[in-house]
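Chemist: Letter by letter, the chains look like this.
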Amino acid sequence: RLAIAANFTAAAREIVAAFEAATGHRVVASFGSTGALYTQITQRAPYHVFLAADQVRPALAEREGLAVPGTRFTYATGRLVLFSREPDLVTGEATLRAGTFTKLAVANPITAPYGAAAVEVLRALGIYQTVERRLVLGTNIAQTYQFVETGNAELGLVAASQVAERAGGSRWLVPQSLHSVIAQDAVLLTIGAENPAAVAFLAFLRSGPARAVIARHGYAVAE
Amino acid sequence: MSGPSSIEVRLTGALGTFALAAEFEAPATGIVALVGPSGCGKTTILRCVAGLLRLHGSLRVRGEVWQDDARGIFLPPHARPIGYVFQEPSLFPHLSVRGNLEFGLRRVPSAERRLRLEDVADLLGVSGFLDRDPASLSGGQRQRVAIARALLASPRLLLMDEPLASLDRASKREILPYLEHLRATLDIPTLYVSHSPDEVARLADHLVSIGAGSVRASGPIAEMLTRMDLAREQGADAEAVVDATVTGHDAEFELTALAFSGGTFLVTRTAHPIGQRVRLRVLARDASLTLEHQTGTSILNIFPAVVDEVVTDGASQTVRLDVGGTPLLARITRKSGATLGIEPGRPVHVQVKAVALVD
Amino acid sequence: MSGPSSIEVRLTGALGTFALAAEFEAPATGIVALVGPSGCGKTTILRCVAGLLRLHGSLRVRGEVWQDDARGIFLPPHARPIGYVFQEPSLFPHLSVRGNLEFGLRRVPSAERRLRLEDVADLLGVSGFLDRDPASLSGGQRQRVAIARALLASPRLLLMDEPLASLDRASKREILPYLEHLRATLDIPTLYVSHSPDEVARLADHLVSIGAGSVRASGPIAEMLTRMDLAREQGADAEAVVDATVTGHDAEFELTALAFSGGTFLVTRTAHPIGQRVRLRVLARDASLTLEHQTGTSILNIFPAVVDEVVTDGASQTVRLDVGGTPLLARITRKSGATLGIEPGRPVHVQVKAVALVD
Amino acid sequence: MDDGAELWAAVRLTVELAVVTTLVLLVIGTPIAWWLARSRAAWKEAVAAVVALPLVLPPTVLGFYALILLGPDGPGGWVAGLFGGRSLAFTFEGLVIGSVLYSLPFVVQPIRNAFESFGPRPLEVAATLRAGPRDAFWSVAVPLARPGFVTGAVLGFAHTVGEFGVVLMIGGGIPGETKVLSVAIYDYVETLQWTKAHMLAGGMLVFAFAVILGMLVLEKRLARRLR
Amino acid sequence: MDDGAELWAAVRLTVELAVVTTLVLLVIGTPIAWWLARSRAAWKEAVAAVVALPLVLPPTVLGFYALILLGPDGPGGWVAGLFGGRSLAFTFEGLVIGSVLYSLPFVVQPIRNAFESFGPRPLEVAATLRAGPRDAFWSVAVPLARPGFVTGAVLGFAHTVGEFGVVLMIGGGIPGETKVLSVAIYDYVETLQWTKAHMLAGGMLVFAFAVILGMLVLEKRLARRLR
Ligand SMILES: Nc1ncnc2c1ncn2[C@@H]1O[C@H](COP(=O)(O)OP(=O)(O)OP(=O)(O)O)[C@@H](O)[C@H]1O
Ligand SMILES: Nc1ncnc2c1ncn2[C@@H]1O[C@H](COP(=O)(O)OP(=O)(O)OP(=O)(O)O)[C@@H](O)[C@H]1O
Ligand SMILES: [Mg+2]
Ligand SMILES: [Mg+2]
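Just so you know, the protein sequences line up as chains A, B, C, D and E, in that order. Each residue of the first sequence is one higher than the last, beginning at 1 in the numbering used here. Each residue of the second sequence is one higher than the last, beginning at 1 in the numbering used here. Each residue of the third sequence is one higher than the last, beginning at 1 in the numbering used here. Each residue of the fourth sequence is one higher than the last, beginning at 1 in the numbering used here. Each residue of the fifth sequence is one higher than the last, beginning at 1 in the numbering used here.
Excised from the complex, chain A in its bound form:
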């Protein structure tokens, strides 16, 4: 049984399908916000593997004895994209600097790693102060994207994975140098320690085919 961060859903489904086909194990995946999943895990939710959207909670799980020490690793690294559904709006860094938009959507920096990264980008560009009042915060990166996709915000700093398969619009892939790494960690949970399928899945996640899928979905894959 897997507990998977919602932003990884699409990629996860493909990987799960591939894993089931390859090994014959049956996998049940639950998706949710990392915070909610973690809370459930603290309440002994019957999850065996935890694919988080950050590094904090897997580490915390390890520390609290909820996860098997040493099984934690980064399975994907997120990339930020400045995206607008309008074809010519985003030209690059300059779009942000020009500041001719009314609303810029970012994820909540307090709860979402993508949000924290987005704020870092704005600070790095030195425009945080000027755009702060024009930010709208999505609870998570999915909502942030919805703000942009529905046109309520002209543009937003969203996950590259979200627009990977979307044609049209205009985008600028934010250089990784502008923000700290958005690493997503996976960990084997104590409950799943004895479950061979769980162990096998984590191994599969590191394998080539899985990494290919992850990359195709717009994530950077850690070395």
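Misleading hints may appear alongside valid ones.
Said to hold, decoys possible - DEER-style ranges, computed between Cβ atoms:
1. D:119 - B:106: 25 to 33 Å
2. C:251 - B:343: 17 to 25 Å
3. C:338 - B:292: 18 to 26 Å
4. A:86 - D:206: 32 to 40 Å
By construction, these hints were calculated from the structure, which means they are not laboratory data. Heads up, the beta-carbon is just placed ideally off N, CA and C, and yes, glycines get one too.
Given chain A's structure and the hints, the job is docking chains B, C, D and E with the ligands onto it.
Modeler: What follows is chains B, C, D and E with the ligands alone, placed relative to chain A:
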């Protein structure tokens, strides 16, 4: 009778399986009593007149058209200047007694108000609990509040559905004269549903008799009461009304003399001035017949009369008398009829044991 | 009178500003009438007897203790074998007429059921709309359903709060005999609130007169009716009841002879067998006095009597007569009294114009 | 597990959860509503307010507390222990408990109002016709309060179908066990599969519309039939 | 912006949103409830079911549709355009619209039931006392339906305070503008600051308890006073 001082009702329609086809015309100057058995459609007619129910037909009150389906006219209830005392008191539970009384009063332009809250409340004996919650009132108290509320709406037509049914005699004795007084002074025509012959005889000027959804008979009260076909149904309760004039007062015995076409009634003293016209009510069972004028009897009112018509009904007979031009009814046993030889044309004396003054 | 065949009521308490202190004892064998002005506490007493309201005191019905605060006894209403006809019909709106009638019936063990739905429905004239919705009934129809419903609960004590107030005379004429019949055959004692003297005189065996929260007088009907203090208040409505025995029938004139201690009444023929005891009701205003026995009059019932007591009240006098041991009341004018020289001890003839058979 | 099967499981689970929750809501809510309507205790309004309180918390927060309550350290875990489990969370029973807690005010308040609306008279009449309190409750109070029950059921049902914060938190969205439709739609929306989300949402709306309309119409029919 | 000030802003916003939403709910819900109670149209139950439908959608999904509705492609954007904006999303007005949509059934159904409970008689009486339809509505129907209004207000208020899916979605969590308390608690829970979350939740509960109890008690008081 048609025209500006009449009430014309012409209604047809059905409620479920009950079919109503009522048509009558009555003067819009006094009290029109609607009588008839339970479930015959009295309330239904009042509701139509109030505009709460819409059947087919037309309604005209004092020349104003309230409904005329042929012309597509239907005045909504709130635009009809009525006062309606429902069969059940139906007070507003969210308002105090005072709030209930003021509800209609407030909605009448002050120029058109004809009664003061305090007066009406006093007369109906509800001033003692103006600030109470209607739910805490007794049945009779609620009914009196409902009557007061309808009156305070200064209606130009009163609709009263058995307004006094739940009241004790003492209350009735206070309220009836007040209603009579209102009729006389304010000229509020009233459609009055009642099961009580006393009330009807006392109050009504016009009687509409209803049976199973249609009008059986309609006419002025004196005429209706002595119509033998109707009187027979009434049996012992048949009665007649006599219009008379006050001719004198006897201070010693506290009696009042009232002259009518057939003689002079002596009744318990009243406050009427000499010369005033009044109405008397004589129940058939209060009238007895003798061949001779008898003396040494406690009965004061004895008049020569001629038998007009006799209807036999089992052991009883209802006799219509011509008392100097005024019709009276007497109810006697068939045995007495045979013994005295009562038949049309026979001169007799009628002894009236009791007589009630109306108004 | 105390004991297994009596109803003992002893209640004190207050509803808001209204204080009740009622105490009376009545036989639990016939109909006990509660009379009194509007708002005097009649309904309150019935509610206490039903257990719907708890005031302080005790209640004992036929030897069973329903409430006794001294001993901490209070029987909940559903455990009291009563039938209650409320002042307002209060039918269940979610049930059909039949559903309403069956509600109480079903809850009585079949061994204890004393009436059949069909019979009661027929007698109360409600069989025509058993499947209708109560909301579609007329006021009188609803009331009749409520009476039928209470009867079908096979009560051992009936509580009726003005059950016939909203009914026309024709309905009353059908229902009253039925209630009398039930009283006679089923022996259901009844507390009966009524504003109608007719009903009271006709039905009641015992009268409890209530005034502003306390019992003014309580006693058997004959005694209560001729008590001069009470009769005086009644004025023209005072009356007496006479117990008599059927002695014969006259086929030709369809009359029935009823002997009592002072003579023989001739009344409209009844179906009673010879020898049966019946009750007659004589209104004071239906009795007139003569010095001589008069002939040639349509009045059949004339008896020698002796004046017992005279009370003057304005222009009128109420005269109590001793008619061979039976008290009767006559209401005459003061003028007649003076003319005839009416005073205690004076022998007279009493002419009874109308007499009503009770039962 | 393939998508279609998972969806079907979600549909089944949603219907089951909504139906069971609605029934439990009525069973629990009715006595509370009755007590609130009839009691003369001065503090009963405080109880009424408390019943409404779960509404005030954001669903995930409520879900969080529910989770603690149902989890191994709370009373739920103790109860689960009796049946050999370790927690009521992540079970269908847990979902029902959470949903009931959250939708209770929607059921209690309308039924209470309905109980209060007909006043004391019908129950008095019932008592004089030999109906004891329990009998009168079933034969008079409940039928007369029917509109309140329908409203309670409609709101409770709809809210349970739509709710997902609490359900997600308590249930964990385990396909076939605790993953209901609302969670499924949520997943679709979150993963930007909007066409699927639209279709699912449309299906849910149609289904819920049918059920709710059915309840409302049935009520009016019953009202006529029973008379 | 520091934490304390932000929290205060959230508190103020929550109260404002709940109060405004409740008022708007009553203003919009009352005519709908009145129509549902009085109309004889056969299809009115369908309207009643439609009013209940937003409940069936998970809040975030509803929020998503609301975003489309309020956004530049929907009518909301058109309205916003009139005032020089591009969208009603991320504004207080938008929050109110979303909350109203979502809580409408909680207000409409109880008020409708209340309007139906007193039957036609009081309005008939009012008409015979010269009260036109509008007058009778205010002077008779509304006071008699008071319990329904209170229930609607309590449920609408509590639900708006607690709701956060829709608000989160439409509001964009802008501190001081659209970030309400429920969103703040959510943030604390997500970032594992449970003590703060507990405190905030506790505070919300106490506040809501006071408001709801106040409404309920006031209603009973009023019931007595007005008589
Ligand atoms: N809460 C209250 N506050 C003050 N007075 C009250 C309250 N409740 C009842 N009363 C009074 O108690 C008295 C008794 O009422 P009850 O219903 O018993 O009268 P009743 O004899 O049945 O009158 P009716 O013939 O009019 O039905 C009434 O005067 C009524 O106003
Ligand atoms: N929906 C319905 N289906 C069938 N009959 C109906 C319906 N509604 C009313 N009625 C009948 O219409 C008739 C007239 O009722 P209405 O209330 O006018 O009588 P009423 O003369 O006022 O009688 P009461 O003196 O008993 O008050 C009654 O017989 C009643 O049963
Ligand atoms: Mg009627
Ligand atoms: Mg009474």
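Chemist: If a hint holds in the structure, say so; if it does not, say that too.
Modeler: Tested hints:
1. D:119 - B:106: 25 to 33 Å: Since the Cβ atoms of residue 119 (chain D) and residue 106 (chain B) sit about 27 Å apart, the hinted range of 25 to 33 Å holds.
2. C:251 - B:343: 17 to 25 Å: 22 Å, holds
3. C:338 - B:292: 18 to 26 Å: 23 Å, holds
4. A:86 - D:206: 32 to 40 Å: For residue 86 (chain A) and residue 206 (chain D) the Cβ distance comes to about 34 Å; the hint holds.
Going down the numbered hints, you'll see the structure goes against none, and every one checks out.
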